[in-house]
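In order, the protein sequence lines correspond to chains Z and H.
Heads up, the first sequence is in UniProt numbering, so the first residue is 1 and it goes up one at a time.
Heads up, the second sequence is in UniProt numbering, so the first residue is 1 and it goes up one at a time.
Quick caveat, the hints were computed from the structure, so don't treat them as lab data.
Cβ coordinates follow ideal geometry from the N, Cα and C atoms, glycine included.
Check before you lean on any hint, since a few could be wrong.
Claimed, not checked - Pairs of lysine-lysine residues, derived as DSS-like cross-links and limited to a Cα-Cα distance of at most 25 Å, are as follows:
| # | chain 1 | residue 1 | chain 2 | residue 2 |
| --- | --- | --- | --- | --- |
| 1 | Z | K269 | Z | K203 |
| 2 | H | K200 | Z | K269 |
| 3 | H | K203 | H | K126 |
| 4 | Z | K40 | H | K126 |
| 5 | Z | K234 | H | K130 |
| 6 | H | K130 | H | K203 |
| 7 | H | K241 | Z | K228 |
| 8 | Z | K200 | Z | K130 |
| 9 | Z | K126 | Z | K200 |
| 10 | Z | K269 | H | K203 |
| 11 | Z | K228 | H | K40 |
| 12 | Z | K241 | Z | K228 |
| 13 | Z | K234 | H | K241 |
| 14 | Z | K228 | H | K203 |
| 15 | Z | K241 | H | K228 |
| 16 | H | K126 | H | K200 |
| 17 | H | K40 | Z | K200 |
| 18 | H | K126 | H | K269 |
| 19 | H | K234 | Z | K234 |
Claimed, not checked - One side of the interface only, derived from the structure: several residues of chain H facing chain Z at Cβ under 7 Å:
| # | residue |
| --- | --- |
| 20 | Y42 |
| 21 | H159 |
| 22 | P161 |
| 23 | N162 |
| 24 | Y164 |
| 25 | S165 |
| 26 | I172 |
| 27 | S212 |
| 28 | V219 |
| 29 | I222 |
| 30 | S223 |
| 31 | A244 |
| 32 | L246 |
| 33 | N254 |
| 34 | G257 |
| 35 | L265 |
Here are the chains, one letter per residue:
There are 2 protein chains.
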Amino acid sequence: MQSPPSPTCSETNDFLPLSQLRVEECGSERAIGKLIQELKSYIVTDIPRMRSTVSFYVCYLLCLCLGMACVMCVCYWNAHWRGGFAWDGSALQFNWHPVLMVTGLVVLYGNGAVLYRVPLTWGENKLSWKLLHAGVMLLAMVLSVLGLCAVFGNHNHNHIPNLYSLHSWVGICTTALFTTQWVAGLVGFLLPCSPMPFRKLLKPVHVWLGASILLLSIVSCISGINEKLFFALKANTNGTKPYAMLPPEAVLGNSLGVLIVAFGLVVLKILSNPNWQRPEPRSNEATYRPLLQEDT
Amino acid sequence: MQSPPSPTCSETNDFLPLSQLRVEECGSERAIGKLIQELKSYIVTDIPRMRSTVSFYVCYLLCLCLGMACVMCVCYWNAHWRGGFAWDGSALQFNWHPVLMVTGLVVLYGNGAVLYRVPLTWGENKLSWKLLHAGVMLLAMVLSVLGLCAVFGNHNHNHIPNLYSLHSWVGICTTALFTTQWVAGLVGFLLPCSPMPFRKLLKPVHVWLGASILLLSIVSCISGINEKLFFALKANTNGTKPYAMLPPEAVLGNSLGVLIVAFGLVVLKILSNPNWQRPEPRSNEATYRPLLQEDT
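So that you can see chain Z by itself, here it is in the shape it has in the complex:
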């Protein structure tokens, strides 16, 4: 029976302290060979990994900036050009609709979706990030439902029919799918009552449906902004120029649409890059461990 090999100087360090290594201390060619091997491994593995992390954070920063720009733009549009906000059934109540939908269904939703891609969240304690993901999505869902209430209230107050336009059909389907997704996520990934095969089956569906809901919410927002600008910008009403003459409000509205599309593309880029996915632990059970098991 062979005795286990004695540790070398490079084996005693997690990181590679190149400058601290003294050949006399190690006293063998084997140590130098190992050092060269680790150096090669560093060049082959760690440099591309660092590059990938840096490019992720560039994308993530872009995602955060575009998200903030979308929220600021939609708030400014409705506060400055559409007369502000109220909750009295008037047109001022309608103004909550674009603000809440863009903030909830696009910006918060997109940020909640990419949360697991942030390397900072890859520590052992997945539960807190899982709860944050669920929390951000819950807030996004509440804002979206409030956004729908704003438009239904305004329509009912002014005897305007609900749910007739293509925009409204896509929008209501998006919110319904989002609610279903959130409830399924809660049952599948947080509550202990769901069986393991169901969770394993649910995960790819959850990921794909997540990206699809973002796509649908972008479709809803762009068609809604387009529709609103045609409704709002007509010639000879309160001295406004028609949409076709591209007054400043039209440029602002169109720019909001472009920002939303850019935000969506950046989020989908982050979601689709396999190098930016959270590394799964070796045991599948750890990944699918529900809330109560993790608590105990």
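With chain Z's structure known, arrange chain H on it following the hints.
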């Protein structure tokens, strides 16, 4: 030096001929062991692969059916409800716009994008499928450009400003990106003048931009159909009911929008499933071999 092992009965067959195997002929426990091993490998590897292939073809069939439904629906809408087609600057010329954009930028584009995912195309002769992919995309691009010409011609004839709505901003960006993508694809993957590092760099960008263009084309189509229905369905014009009362044409237009969204989601599902990706050959060079090298 050891002599190479003599072939066993199972090694002489590419497929596993369970029924033809005779233990007496093989004459060893090793053969039976190997048989059991291959059977296990068949259960572990081949059955999931077959399941994956079947589920791909179900999705692909759905993609083809939804694509055909989209084309039929947009043609019927414009032929039956919008008065048919002409190329004289009138409203009948405009009717080509939705037909050509939906057929080119959504249905043909989507089918061209998933072409490499069809297992039938995974043979050695990649060049013919590469040319078919480029050809389908070229046809899609030509139809899209003709679709733009239809609307520009109609607007210019009737002194309507071009490119002011959000729909038109997103639409023109989509077609411009599509053209850039097609030219970059031609230069990068078909012509021999592009260097190998450029091709390797281009491939993930080409794949991601491909999916993004589909997303943008869906956004453009939905916002365009929504806009058109608001323009076309107004009360007291030619006895038509307003959009808000959901006359049959509105239901048809909205259904077309839902079909387009469903088609897009199925295509993106096919594109995003890693199990359905074309297996890459061992040598990277074969993947990136340009047209003239493959020809020779």
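Here is how each hint holds up against the structure:
Taken as a hint, the Z:K269 and Z:K203 pair is honoured in the structure, with Cα atoms around 19 Å apart against an allowance of 25 Å. The straight-line distance between the Cα atoms of H:K200 and Z:K269 is roughly 18 Å, inside the 25 Å bound, and the hint therefore holds. A hinted pair counts as satisfied when its Cα atoms are at most 25 Å apart, and H:K203 with H:K126 qualifies at roughly 15 Å. Straight-line distance between C-alpha atoms of Z:K40 and H:K126 comes to about 36 Å, which puts the hinted pair past the 25 Å bound.
Among the hinted pairs, Z:K234 with H:K130 is inconsistent with the structure: their alpha-carbon atoms are about 49 Å apart, more than 25 Å. Distance hint between H:K130 and H:K203 is fulfilled; the C-alpha atoms sit about 13 Å from each other, no more than 25 Å. A C-alpha spacing of about 21 Å is found between H:K241 and Z:K228, which places the hinted pair at or below 25 Å, so the restraint holds. For the hint linking Z:K200 to Z:K130, the alpha-carbon distance of about 16 Å falls within 25 Å, and the restraint holds.
For the hint linking Z:K126 to Z:K200, the alpha-carbon distance of about 17 Å falls within 25 Å, and the restraint holds. Annotation: proposed proximity of Z:K269 to H:K203 holds, straight-line Cα distance about 14 Å (limit 25 Å). For the given pair, Z:K228 sits about 61 Å from H:K40 by alpha-carbon distance, which is inconsistent with the 25 Å threshold. This hinted pair checks out: Z:K241 and Z:K228 have alpha carbons roughly 15 Å apart, not beyond 25 Å.
Under the criterion of a C-alpha separation no larger than 25 Å, the hint pairing Z:K234 with H:K241 is consistent with the structure, at around 21 Å. Distance check on the hinted pair: Z:K228 and H:K203 sit about 39 Å apart at the alpha-carbon level, beyond 25 Å; violated. Of the supplied pair hints, the one linking Z:K241 and H:K228 holds, its CA atoms being roughly 21 Å apart against a limit of 25 Å. Between the alpha carbons of H:K126 and H:K200 the distance comes to roughly 17 Å, so the proposed pair stays at or under 25 Å and holds.
As the CA atoms of H:K40 and Z:K200 are separated by approximately 23 Å, the hinted pair is consistent with the 25 Å bound. Under the criterion of a C-alpha separation no larger than 25 Å, the hint pairing H:K126 with H:K269 is consistent with the structure, at around 23 Å. With a CA separation close to 15 Å, the supplied pair H:K234 and Z:K234 stays within the 25 Å bound. Evaluation of the H:Y42 hint against chain Z yields a violated restraint, the C-beta minimum of about 22 Å exceeding 7 Å.
The criterion of a C-beta within 7 Å of any C-beta in chain Z is not met by H:H159, whose closest approach is roughly 10 Å, and the hint is violated. Given the 7 Å rule on beta carbons, the hint for H:P161 holds: about 5 Å separates it from the nearest Cβ of chain Z. At its closest, the beta carbon of H:N162 sits 9 Å from a beta carbon of chain Z; the interface hint therefore is violated under the 7 Å criterion. At about 5 Å, the closest approach between the beta carbon of H:Y164 and any beta carbon in chain Z falls short of 7 Å, and the interface hint on this residue holds.
Because the smallest distance between the Cβ of H:S165 and any Cβ of chain Z comes to about 6 Å, under 7 Å, the interface hint for this residue holds. Interface hint status for H:I172: violated, as the beta-carbon distance to the closest one in chain Z is roughly 11 Å, over 7 Å. Among the interface hints, the one on H:S212 holds; its C-beta lies about 5 Å from the nearest C-beta in chain Z, closer than the 7 Å criterion. About 5 Å separates the beta-carbon of H:V219 from the nearest beta-carbon of chain Z, less than 7 Å, and the hint is met.
For H:I222, the suggested interface contact is upheld, since its CB lies about 5 Å from the closest CB of chain Z, less than 7 Å. Taken as an interface hint, H:S223 checks out: its beta carbon lies about 4 Å from the nearest beta carbon of chain Z, inside 7 Å. The interface hint given for H:A244 is met, as the beta carbon of that residue sits about 5 Å from the closest beta carbon of chain Z, less than 7 Å. Interface hint status for H:L246: upheld, as the beta-carbon distance to the closest one in chain Z is roughly 5 Å, under 7 Å.
Because the closest C-beta pair between H:N254 and chain Z is about 5 Å apart, less than 7 Å, the hint holds. The closest approach between the C-beta of H:G257 and any C-beta of chain Z is roughly 4 Å, which is under the 7 Å cut-off, so the hint is satisfied. Nearest Cβ of chain Z to the Cβ of H:L265: about 5 Å, under the 7 Å cut. The hint holds.
Hint check: violations occur at hints 4, 5, 11, 14, 20, 21, 23, 26; the rest are consistent with the structure.
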